[in-house]
Structure formats: C-alpha cells, structure tokens
Amino acid sequence: MRIGKDLVAATATPLVLGILAEGDNYGYAILQRVNDLSHGELEWSDGMLYPLLHRLERLGHVESSWHASPTGRPRKHYRLSRSGQAAFAEQRRQWSVVSAALARVWDDRGPGAALALGGA
Amino acid sequence: MDDFSLDDQVARWRTAITAHRAISSDDADELEGHLRERIDALEAAGLAPDEAFLIGVKRIGAVDDLSREFALEHSDRLWKHLLEPRTTSTGRRTILTAAGFAALAALLAKVPALLDSDAGAQAFGGGLVSVSNAVALVLAALGGYFAVTRRAPIAAWASAALAGAVLVAAVNLYPFSPDGMTLPLAVAHAPVALWLLAGIVFAAGPWRSTATRMDFIRFTGEWFVYYVLIALGGAVLIGLTIGLFAAIDVDATRVAQEWILPCGAAGAVIVAAWLVDAKQAVIENIAPVLTRAFTPLFTALMIALIAVGLLQGGLDTVDRNLLILFDVTLLVVLGLLLYSMSARDPLAPAGWFDRLQVVLLVSALTVDLIVLIAMLARIGEYGFSANKTASLGLNLILLGNLVGAAALQTRFALGRIPFATVERWQTAYLPVYLAWAAVVVLMFPPLFAYA
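First to last, the protein sequences are chains C and D.
Counted the way this note's numbering counts, the first sequence spans residues 1372 to 1491.
Counted the way this note's numbering counts, the second sequence spans residues 387 to 837.
Misleading hints may appear alongside valid ones.
[Stated by the list, open to error] No farther apart than 25 Å at their CA atoms in a straight line, the calculated lysine-lysine pairs in the DSS-like style are these:
1) C/Lys1447 with D/Lys665
2) D/Lys444 with C/Lys1376
3) D/Lys444 with C/Lys1447
What the hints contain is simulated information worked out from the structure, not anything from laboratory work.
Build out the structure end to end from the sequences listed, making use of the hints.
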C-alpha cells in the first residue's frame, strides 16, 4: 500500500517519540521498529530519519549520546527528555482526537462503509 | 567484482556526503554506522557485499536529497563558525589541556632569555643560543601536549625527549666560535629535528606506519595555516596596542618585543595544534583549495627560475644569494607537495592536478640540479666549508627525494601504480630529514672545528 507522503511526514514525529518512550534507542533500530510496528507498510528513507532526530534534539525533546556498538563502532543513542515526554503526551492526545473523529465518520456510514471498504 | 572492497566504497560514499557542508563529520559517522548495519543485515540475508552496498546506499537516499534535508535542519552549518559551544565534558577538558600547555609554552619561551647573561643583543631579549633554547622548550611543550592528548606510550615520549635533550645539550655545550657558521647552522637545523621528534610522540606508537606519518604531515600543513592566521591576527593586535599606547605617550614597543611577541608566538604553537584537532571540518575545505591555487603558481615560478639559472651566465659563477633563494624555493615546493599529498583523497584516480604536479616535480628537479652543479663548482673553487657542505647535503637529499617522487608521480599519472605508493615514498623519506638535521647539529661542529 502506498501511503501518502504527507501522512508519512505527519506520523513521523509521534512514531519516533513513541518508540523512544519505550526506551533509549539508535537510528537503525528505530527504523526497524517502525517497520515492525507498521507490518512493513511504512518505509522511511533511512536518511530522512536523522534530520528529524536532529530537529527533535534542537527542540530539546530528545538527548543524544555516543556509545560503542557490539562491533566496536561508535553509535549515537537517543532518549526522550522531560520536554520530549510532554511533547509525546501532547501528540497522543491530538492523535486520539483525530482517530476518534475518523472512527465515528466510518461507523456512521453503516452499510455504505462496508461497500467503500470493498466488502460484499 | 573481484576488486570490490567494502571499506573503500563506504569511505568514498562518506567523502561524497561530507562534501556537502550541511553534513558534519559527526552526522557522517552516524550515517556511516547506519549504512554498515544495513549492509551487515543484507549480507546476513544472503546478498553479496557489493549488492548489499548498492542497496544500502539507495536506502539511505541520494546524496543531494540527504544533504538538502540536513541543510534544512542545520542552516547554521552552511557558514562554519569557528567557535561552536562545546558543552560536553570531554570538549571542556580538551580546551583546558590546550590552554594549560599554551600557558606553559609561553612561560618557557621567556625562561632562557631571563637566564641569559648577555641579554639585550638579540631581538627577543637574548643571544642566539637562548633563542634556540626557547624554541626547543616550546617544541618540548608541544611534545608534552601530544603525549597527553594522544596518550603516547612511555617509549614514544621518553625516546623523543632523550633525543631532544641530546640535541639541545649539543647546541649549548659545544664550544662554538662566535663568528663561525656552525652555530647558526645548528640553530637552524635543530628545530627541524625537534619537530620530527615531536612527530614521533604524535604517532603515539605506530611511528613506522605510512598512515600515521601522513597524518603528521597533514597535521604540519594544517598547523602552519592556522599559525599564519593567528600570527596575522596577533600582528594586528600588537600594532594597535603600540599605536594606542603611543597616543598617550607611553612607549610600548619594548614590552611588545620582549614579552608579548615571544609569549604570544609560543602560546600560538599550542593553540594552532589544538585548532587542527578541534576544527578539522573547517580546514578540510580550505586545504584542497589552497593547494590547487598555489601549485600552478609555483610551477610557473620554477620554470622562471630555470630560465634565470640558465640565462645568467656560467653555472660556476652563480651569485650566492641566488643559490640561497633557489634552496628556499625548493623547500617551499617540497612542503607544498607534501601538503597536497596529505589533502588528497588517496582513492581518487589521477587527474589534471596530478599531471601538473609531475611538471612541478620535474622543474624542481632541474632547479635542484642547477644548484648542485653551481654548488660543486663553488666547492671546487673555495673548498669545503660548513655552510657549503650543509647546502650540498641538503640539495643531495632533495635530489634523491625529487627523483623518486617524479618517477612515481609520472607512473601514477599514467595509471600504472596506486597513489599509496607515491605516499609511501614520501613518508619513508621523513627519517632521512631527521637524520640529516641531527648530523648537522651533532657532527658538523666537531668536523669543522666549531668554525
């Protein structure tokens, strides 16, 4: 399924914040997690993740530190800061409102909704 | 593809993305780590290394898109500020170490002059020997800075310190005759030897490795550029200070000459060394531009020198000052060549610039031959003296270097040998300079009866 560019861009920040809320992480693993969470539907270009992480760092929502990976290469790890946790909570609220509204629109359709979804 | 080397390809990809100023070397580290993990995962899934590399690079994104995204985010990077606030603790520690050693160097620079008995004769408030000692002490401080920041093993800095002490002792203890040339020769050659000994401390262990020696050559070139920048700024500062104090009828020239100038020059040695490490990304953009700008100019100069040398009459009556000028130009050209070599990506194929360097090398070789012939003629006429022998030795050494370098560079420009061979020739030649400088300091004075 091709998901629209704008939708992918809009969901990028809440997804990354949510993944970091699960625990400290680094770039490649974050991408893997996005892939897992969306069952392969969301494919981010690898290089687009890092400017996003840097923007979040500039805004103060995440903090970074360098650690050594198991292979010995230096690796940059990210974690949520206090303001990042607040930002994540805010994003959750906003998305809950939006998805509740969408769910209501689909439910209200009744039988027509089944038609629109390609059902019998 | 049997010649595919993953490390080489990743390094070239990395050079491509860091060419865009929006992507700093830290970002490049991050992206490179990511790329390598992606490649490892793909190889584990069964792909060949070159396939994994291609897919990994495509996944990361085209270089232009990548740098555009980074530029949007880091618009402040497109003009590199020399002083970024480094609030991490290691950054602060490095700055404190550098500041400490700079202060130490500034203090040590004045110690020989203060201890000297016949002060007042020279510009910095001391005799020729105390100037030499001051330079030696400042270079010792630089060696100490290397030992601390690069964590040199004891064997490295102890042997360098011992050799340096022997050289300094020779300059101080030999009974030089005050009008002779052996003392100025020793004083001129000692810093060269001491700088190369500091290079041994810089290597912090693998002093035989080509890569480490190339690193030191690169460091020397970049240090020189930063030092010149600081010196220009310092000159403006001192000039303004003297002018300001003159306006209120206070003569500040003596204080400036005897205190500000030597202490500033000494401290700047360490500060420039710190800047080379701390601000690598800045100089990486300047070095290739500088070498590309100056190499054609120096090639033209060399050709002009050859014309002058051949047109001004017989080679046995060459003016002595002209010979000195030729020698100085040759040394500058050698420095420029070494610097270009260190600033060059070793994996890039031969281009117009490398072919131009062949021309430069051949013309420098011709100038060297002219000087040698003239030198031999003068020695034949006036006999061996310390000055002439030192000059002869230097020119012979340069001849050896230039012959090898010209031959290798030609073969590289024709695509027969890799650039690594050209590099290895120059780095293998470094001990020759050290040995020659040590010979001039230690063995010339007794050989020429300290005259």
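Checked hints:
no.	hint	result
1	C/Lys1447 with D/Lys665	holds (20 Å)
2	D/Lys444 with C/Lys1376	holds (18 Å)
3	D/Lys444 with C/Lys1447	holds (22 Å)
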